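Below are the chains, spelled out letter by letter.
Protein chains: 2
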Amino acid sequence: MDMQVSLLDRLFESGLLIETGVDGLYGRSGQFEDVIAAFERLVDRFGSADGAEAIRFPPGMNMAYFEKSGYMKSFPQLAGTVHSFCGHDHDHMSLLKCMEEGGDWTKEQKSTDIALTPAACYPLYPTIAKRGPIAMTGGLYDLQSYCFRHEPSKDPARQQMFRMREYVCMGTEHHVTEFRQTWMDRGVEMMKLVGLDVEIDIANDPFFGRAGRLLANNQRDQNLKFELLIPVTSTANKTACMSFNYHQDAFGAKWDLNLEDGSVAHTACVGFGLERIALALFAHHGLDVALWPDAVRKTLWG
Amino acid sequence: MDMQVSLLDRLFESGLLIETGVDGLYGRSGQFEDVIAAFERLVDRFGSADGAEAIRFPPGMNMAYFEKSGYMKSFPQLAGTVHSFCGHDHDHMSLLKCMEEGGDWTKEQKSTDIALTPAACYPLYPTIAKRGPIAMTGGLYDLQSYCFRHEPSKDPARQQMFRMREYVCMGTEHHVTEFRQTWMDRGVEMMKLVGLDVEIDIANDPFFGRAGRLLANNQRDQNLKFELLIPVTSTANKTACMSFNYHQDAFGAKWDLNLEDGSVAHTACVGFGLERIALALFAHHGLDVALWPDAVRKTLWG
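Quick note, the sequences are listed as chains A and B, same order.
Just so it is clear: in the first sequence, position 106 is 105 by numbering that gives the first Met the number 0, and no numbers are missing.
Just so it is clear: in the second sequence, position 241 is 240 by numbering that gives the first Met the number 0, and no numbers are missing.
Keep in mind that the hints were calculated from the coordinates and are not lab data.
Be aware that one or more of the hints could be misleading.
Remember, identical chains collapse to one label, so a pair may be satisfied in a single copy or spanning two.
DSSO-like cross-link-like pairs, simulated, lysine-lysine; straight-line CA separation at most 27 Å [said to hold, decoys possible]:
#1 K106 to K96
#2 K67 to K153
#3 K106 to K253
#4 K96 to K109
#5 K72 to K224
#6 K224 to K106
#7 K153 to K109
Values in this document were obtained by computation on a predicted structure and should not be read as measured data.
Could you put the whole structure together from the sequences, leaning on the hints where they help?
Listed below in C-alpha cells is the structure:
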C-alpha cells in the first residue's frame, strides 16, 4: 500500500496525473496521454494485419443491454448507472432547497436508459448479433473506450475511470482460442519491446459475494482467463495489464450470436489496460520520458 | 425533424454511426473517428503556437465540484450522476430478485462521488485554483473529453454522449476577451478550409425553467455567448458547432481563481463540438470520405 501511495504522490508531483479530490479519478497530462497514444500505435502495428473492424463506443451503454449482460449478477459493486433529474419547475425548487440545506438531493434522481460501460466489449455483442449470422471465417473487432468501475483506491493502477483497448473475436472454438493464444504471444513480445518484465498467469474475475467464489473457482479450473502481469507498485502483487478471456459459447448463447452454419459462436477477447500499461512504463523507466531507454523510446515514437 | 431522422438513418446505413437502441447514444466507425482525429489535428495546428497546457480529464468529475459549479441550478435536466450498488450479499439477493421480476432495481442504487462531465472545462477551474495565483500573463489550457447531457433525440447532432474539445483562458478581462475573439476568427477560417459555410451569432444556454429565461436574456444582452453555426440537418435551424463563452469574473469568483496582483481572474472558453463538426462534414460533403473535395481532404489529411 505504501508503494502505491508513493507512486501516486510522485505522479501528482510530476503532473503526470492530476488530483480531482476523488480516489481513482484523475486528470492526465499531455505527456501521459502521449505515452498512451504511442502504446496504442504499437498495438495497431501488431494487430493491423488481422483486419479487425474498428468500432468506438462512448463511455456509456444501453441500460437494457447492460441488464441482460448479467453484470449486476457478477459485479454489482463495480457497476455505475446514470441518473438524471426528470422533474418540473416545482421539483427543481425542492431540489435546490435540498442542496442548500446540505440534504441528499441525489435520492430524487431517476435512472436513465444508460449505464456506464464496464468493459469496452460489452456494447459489442448485441451490436454484432443484430447484423445476423457471422461468417465461418469469424468476426474480429477493435474497440477502445473509457470504462467505469466503482472501486475507489489509492492504487494509481486501480482507477474508477480508465481506458481499455480490446480485440474481440467471434467464431469457432478453434478460431477464438487460436486468437487468444496469438495475443498472449504478442502481448509478451510487445512488453519486451518496451522494456517491461512480464509473466502470464491464470486468473479469475472479482465475482461478488459468497456465490461469486464458485464462479471464480470454475473460471480458474477451466483456464478461461489469463492475465499478463507487470510489477507496478509492488513486485509481490503484480498488476494485470492485459487480460485474455475465453467465454466459450456463453456470450454467443446469451446474445444469439450464431455462425453461418447455425452453430452458436464462441467468443474471446483480449484487453489492454491502457492506464496500467502507461503506469508500468513510468514506474519502471522513470517519470521523465526523455530519460527512458533509447530502445523503448524508439519502439514507441520511432 | 424529417431531415434529422433521414441523416441519422443514412449514417446508420453507411455504418458511420452504430445504433445502440438509445436515442443519442451511438457507436462510431473507424472512419468517423478518423475524421474527428483529423479535425483535431487541424485544431492543434491553429492553436499550438499559443502554448496551451494539455490536460485530459476522464468523462466524470468530482461530485463536490459538480455541486459547487451550480450546474443543477441552471441545467438540472441535462445532468447525469453516477450511482452504484453499495450493499452486501443479502441486498444483492434482493436486487437480483427485483431484476428477475422486472421491478425498478435502480431505486436502490446509491449516488457515488462522481457526476458525468457536462462540459470539458468543468473539472478545470477547481484544478487550477488549487495551484495558487495565475501569472499576469494569463493561463491557457487545452482540454478534450466525453461529455454527457441527458437529452435523448433523433437529431444526430444532439447526442447524449459526445466529445468536446476546448481551450480555456484565464487572465484579465482584456486578455480573455482577445482570446475569445482570436478563436472566433480562427473558427471561421478553419471551417472555410474544410469547405463549410458558417455564420457566427449571439446565443444563450438552455437554462432550465421560468427563472432560466431571465438568465438566458441576461446572457444575450451582455454578449457573453456566441456560437458558430453550420447547416447540418436543416438550413433554417443551423447547428452550433463551436461556442465562444466569456464568463466575466463569475467562475473566477466562484472558484477563487486569482491573478498574481490579487484581482479575480476573468475566464473565457471556446468549445468545439467534435461529433457535430464531423456530422457537418458528412452532411455537406457526403458520407464517402474518398469523394470529399480535394482541398478539404488535403486540409484534413495533408
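Quiz item: Are there hints from earlier that the structure breaks, and if so, what are their numbers?
Solution: As far as the earlier hints go, only 6 is violated by this structure.
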